[in-house]
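From these two lone chains plus the hints, build me the complex, please.
In order, the protein sequence lines correspond to chains H and U.
Going by this note's numbering, the first sequence opens with residue 1, and the numbers climb by one from there.
Going by this note's numbering, the second sequence opens with residue 1, and the numbers climb by one from there.
Since the hints were derived computationally from the structure, they do not count as laboratory data.
Glycine is no exception: its CB is placed at the ideal position from the N, C-alpha and C atoms.
Hints may contain errors.
Claimed, not checked - Restraint ranges, calculated between C-beta atoms of paired labels, are given here:
#	chain 1	residue 1	chain 2	residue 2	range
1	H	Lys-205	U	Pro-43	31 to 41 angstroms
2	H	Pro-367	U	Pro-43	37 to 47 angstroms
3	U	Pro-43	H	Gly-398	40 to 50 angstroms
4	H	Arg-176	U	Pro-43	53 to 63 angstroms
5	H	Gln-394	U	Met-47	52 to 62 angstroms
6	H	Pro-414	U	Pro-43	39 to 49 angstroms
7	H	Lys-205	U	Leu-67	38 to 48 angstroms
8	U	Pro-43	H	Asp-229	35 to 45 angstroms
9	H	Arg-12	U	Pro-43	38 to 48 angstroms
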Amino acid sequence: MIELYQSQRAMRSMRKAAMQRGVVAVLDVGTSKIACLVLKFDGDDRVAEVEGISSLAGQSGFRVIGAASTRSRGVRYGEISAMQETERAIRTAVQAAQKMAQVRVDHVIACFSGAEPRSYGLDGRVELEDNVVSEQDVARVLAHCDVPDYGQGREVLHAHPVNFSLDHRSGLSDPRGQMGNELTCDMHMLTVDATVVANVAHCVKRCDLELAGVANSAYVSGLSALVEDEQELGAACIDMGGGSTSVSIFMKKHMIYADSVRMGGDHVTGDISMGLQVPTTTAERIKTLHGGVHATGMDDREMIEIGGDTGDWEHDRRTVSRAELIGIIRPRVEEILEETRTRLDAAGFEHLPSQKIVLTGGASQIPGLDTLASRILGQQVRLGRPMRVHGLPQATTGPAFSSSVGMCLFATRPQDECWDFDLPVERQSNRTIRKAVRWFKANW
Amino acid sequence: MQPVKSRAQANIRPDPAPSRLSYRFQRMMLTPLFRFGLRVVLPFTVMATATWMFFNDQDRRDHVSMLVDDMRTSIVERPEFMVQTMAIDGASDSVAEDIREVLPIDFPMSSFDLDLDAMKDTITGLSPVKSATLRVRKGGVLQVNVVERKPVLVWRLRDGLHLVDTEGYVVAQVAHREEYNHLPLMAGEGADSHTNEALALMKAAGPLGDRVRGIVRMGERRWDVVMNRDQRIMLPEVGAVAALERVVALSQVQEMLERDLSVVDMRLGERPTIRIAERSVEAWWQIRHIQVRHEE
Chain H
1 MIELYQSQRA MRSMRKAAMQ RGVVAVLDVG TSKIACLVLK FDGDDRVAEV EGISSLAGQS
61 GFRVIGAAST RSRGVRYGEI SAMQETERAI RTAVQAAQKM AQVRVDHVIA CFSGAEPRSY
121 GLDGRVELED NVVSEQDVAR VLAHCDVPDY GQGREVLHAH PVNFSLDHRS GLSDPRGQMG
181 NELTCDMHML TVDATVVANV AHCVKRCDLE LAGVANSAYV SGLSALVEDE QELGAACIDM
241 GGGSTSVSIF MKKHMIYADS VRMGGDHVTG DISMGLQVPT TTAERIKTLH GGVHATGMDD
301 REMIEIGGDT GDWEHDRRTV SRAELIGIIR PRVEEILEET RTRLDAAGFE HLPSQKIVLT
361 GGASQIPGLD TLASRILGQQ VRLGRPMRVH GLPQATTGPA FSSSVGMCLF ATRPQDECWD
421 FDLPVERQSN RTIRKAVRWF KANW
Chain U
1 MQPVKSRAQA NIRPDPAPSR LSYRFQRMML TPLFRFGLRV VLPFTVMATA TWMFFNDQDR
61 RDHVSMLVDD MRTSIVERPE FMVQTMAIDG ASDSVAEDIR EVLPIDFPMS SFDLDLDAMK
121 DTITGLSPVK SATLRVRKGG VLQVNVVERK PVLVWRLRDG LHLVDTEGYV VAQVAHREEY
181 NHLPLMAGEG ADSHTNEALA LMKAAGPLGD RVRGIVRMGE RRWDVVMNRD QRIMLPEVGA
241 VAALERVVAL SQVQEMLERD LSVVDMRLGE RPTIRIAERS VEAWWQIRHI QVRHEE
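Pulled out of the complex, with its shape left as it was, chain U reads as follows (with noise of 0.2 angstroms):
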């Protein structure tokens, strides 16, 4: 009978069978959860504690810490990347300065540093400022071109005088008319939302010369052309442009702001009225007057 306890036999040859361990220890790494648990939550798991245990001491967060700050400051800080001065195109010496001032910068400066979104806010945030685009150019220059806003009348409040774009925007307020002559003068509030009109308005009266003084926003819904002479034109609402086109053409074929007006009234197109200033009322009275004794 062969032996129950098998003797090692060096010409017979290895059982292929899987030993006990093995084949329990395949068949558990054929376990879904099991591999699942190995390939994923082990590993997770083994990289979470060291982590955990490696920085739950303070020395340690800090010397890490301060690795990779001084990694950062090294490569931050090259003369490749930093921004020596600051170019700014497009803008007036004083708006330049304006922006010098508000740009807290001090050169020389790393461009990882420099937050060019809030920068450009901060400029375009300037009153004078259109629209301005920042970049670092080569060779570390901060650039920056600006496209400042081009005053196109002067408006008059109870606080002063103002500069005022053609989109309505106030660029800058003005001490004294004489240095503003050559724009036309607006008066009245809420005349800034409707600079387009008032510009309008000013190359249709045009034709009348030095004789117009200014326009105002009357009641902030119609405007008004202020002549020297207390002469005074009422436009109307809508069509103000074609209103005035209209009185301008009368008073060239038949001068009728030469004559003594006080108000050329045009708020209701379908009857313009005209109001005679009172001293002319009381002379053609006179001289009504005058010819009525005649006859009797």
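Extracted from the complex, chain H is given alone in its bound form (with noise of 0.2 angstroms):
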């Protein structure tokens, strides 16, 4: 743990730095698209300083200068397959949004979807030396905090402080200073295949930019569209992107559990290019201009060219109805849908207050696709867009976008992670001194 301590460390350190400059990337790694923004602090949130105040949700303190996306090539699942063609994918997106920004950037916040997340509950408990609580104590039962042996070659990406509890009384957000015998935490951990996120890593260093961050996809995109109350009262967020389809549950502003279904929208597009035996590029384009979930009998009437160019008239001609397109697209949706509440399920979603499940991603731009939610996931589903942000373009604003969003609000306002507290004094330093001093005794 303290080699991942030290990493982590480095990264936040060199996140301050970065916001020192003023100028910081975010980079989404999606499997359809690269997406960087390029963001400038411009002082401090004015706004946050007003008690309990934050209508702007923290993002009055920056603005997006650059923006761009590319499409993206060499990744899979949301995880990198070809490294070259990846770094090269990276490096038109972030120099298309230097441009854009017309400065240079250094420091680069990652996140993708894609590397197996697990999620752990864990929770600590220690006895307080004096009555109150210090920020040691804190540091303490983090630290104390029982980690399960989550595996060879995995790493852990967030690991949140969810709940402190003193005593009794649970619920407290912030223990320190406050009077007690026994402290107790609840800390969410979020491991993440090791290899992937090295590749990631090497690949931002081959572009000549510095990691200063690492998030999980479905973590950042929650954070954009779920709205404030959502997080507090509980929420999931099921991002549906290119690759992958990542979930996380929100709740109390905590995010308290993440999975990801290894399908999405391009498992659609590869469906209608096998079901229609079209390219993939036709197929993506159909399944954009064409596509839904709901077949009516209107449908059944509205023939789509499909294309093609192999010379032959009769191939070249084809076409199909809407309601057969539909018919491709829907049993993939619906599957994907099972599978998010499966893992809903399994994560015991049900037993929260509050069911709300809100819908973003690339994939949930599909028509009708909310009402074949409501039926699979519940009756409390709407369709998320990611938060507004100053000088965002418009050509970003969209769902696909949400996770490049929510990054600049993790970059801008970060959760206190368990490294940010500093590892607790040694108990083994303590024993030296007092072993000297038996030792002075003993033989003077």
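Dropping the structure here:
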């Protein structure tokens, strides 16, 4: 845990340095597109200083000065599969964003959706030395959380202290300075495949950039797509991306669960491509122009030209009715939603007080998805778009960019992670001093 | 599996990704310090080096300076800019001659080479000149307008006679008093700094007519009016003109100055004094004596 602690701390300090310099880039490495936003921090968030008011959710302190996205290559299921291709795609996006911003960026905060995130709920318990909780005690209780064996080759991406309780009082967000005897903490830990993180870090490094933070896209899209009361009362954010669909559950403004389904919009495109015998680009075009999940009588009569350039007239003049297209799309979308439902059930989502589900991501733009989703996931389903931030171009305000926008919020208002607290003073050193004292007593 | 080395395929859209080199170049161009260097430091250095290398050679330097000189001469010596003559207005002949003498100009000369300010200083440095204006007139004429100082007083000093204008400037030296008979005479050290008072005194002494020979500054603080028949009116430091007017009035009414006085002393205003000439006093004594004898 020490190495991770050090590397995460190094990234955190680098992020602080970048914010000091005023410019940082966020990079969303997705399966279908790679988006890069350049953020400029201009001064403190003055609105937030007013007690309890955060109408702009902490996003008044920065503005987006450069935005670019490019077709992603070499990324499958949200994981890098072809390093060179991905590196070139990142370079394209970063260069375009830099050109728009007219600023050179050196620090990048990256997010990705794959890498099989796994959530763990940990808890720790310490007796307080004196009856007042100090920062040292918080660090100690975080260090005392009994970490399960999450397996070889996995790495902790997020470790959020979610809840503190002091003796019998629970639900404390900040226990410092309070009186009590026993401090308990609940921590949510998210582990991902270490090689994926290493690949992303390597790609970013190959682009002459420095990695100032890594985030899971389920978490950051939840940050931007859920509104404040949803985060408070409990809601699930389903980010339907190209290669994977990530799920995150929020409660009391903390992420308490994240998972991902390795299916997304690209699989729908693949189904169309296979079903209609058309190239992937054509299938993608047909999906975005004519796609849907509810067939009506009208759709039987609406014929879609499939096209082609084989030279065979019969082959190039094929048409398909929209109902047939929907017949291809719908099972796959249902499968994705069913799989998501399973994940939510596994997480015990039905026990939450609020059952709100927010669909976002590029694949959530299929017409009629919300009604289909409400059949599978429950009644409280809505389509979510990322919140608006300063200077974001119109082209990047769609639901496909919710994780990019969430990254902006993540960069400006990072949540406390367990490595933000200093390592507790080791007992070891104390003991050595005592040993030395004993030695002196014995020998003098 | 896709080939690891990408083949050049005609129907595949070219990769929009920038090459590593162009990516790095663009990032470098966005670095503020580098841009400043490229925009300011580099051109400046190149220009400075080029200039230095060019002018490092003596021959080239001479050549360039010669070219510059030639160009300047060709412009300066155009006939439009040449000054042919000098016209002096408002000066008497002798002063004009003096001016021509002190201005060392050999015509024709370019108006660029004329230092009008220095010339004006030179001209106004001449004692008879009160002020002067110089300009180059159309047609290549250097027009000098001079206002001469007008002498109003003759000032006698130990080393001779001087003409003084109203402001006390010595305009010229004269050899003989006769040449300037129409000007009043004054004498004494420091008289030139009180010419206005002197003129006022002379005006006040007008009714005395030819009898006034002149006025003398006594001890650089007060005036004496000197008259013929060795008469002298001593005036106070302040209110000299008023005192003189009193004396003039007295003399007009009582013919005081016609009598045998040697000095009218007005230095103390409340106690004007007259001194009778010595022989008159003696004569008067004799007369009184005679009378006394008769009584006895």
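Now for the hints, and whether the structure bears them out:
One distance hint, 31 to 41 angstroms for the beta-carbon pair Lys-205 (chain H) and Pro-43 (chain U), holds here, with the actual separation near 35 angstroms. As the Cβ distance of Pro-367 (chain H) to Pro-43 (chain U) is approximately 59 angstroms, the hint placing it in 37 to 47 angstroms is violated. Checked against the given bound of 40 to 50 angstroms, the beta carbons of Pro-43 (chain U) and Gly-398 (chain H), roughly 46 angstroms apart, stay inside it. Between Arg-176 (chain H) and Pro-43 (chain U) the CB atoms are about 59 angstroms apart, so this pair conforms to the stated range of 53 to 63 angstroms.
Evaluation of the 52 to 62 angstroms hint for Gln-394 (chain H) and Met-47 (chain U) yields a failure: the beta carbon distance comes to about 46 angstroms. Hint check: Pro-414 (chain H) to Pro-43 (chain U), Cβ distance near 44 angstroms, so the stated range 39 to 49 angstroms holds. Taken as a hint, the range 38 to 48 angstroms is violated for the pair Lys-205 (chain H) and Leu-67 (chain U), whose Cβ atoms sit roughly 60 angstroms apart. Between Pro-43 (chain U) and Asp-229 (chain H) the C-beta distance comes to about 60 angstroms, which lies outside the given range of 35 to 45 angstroms.
For the hinted restraint 38 to 48 angstroms between Arg-12 (chain H) and Pro-43 (chain U), the CB-CB distance of approximately 43 angstroms keeps it satisfied.
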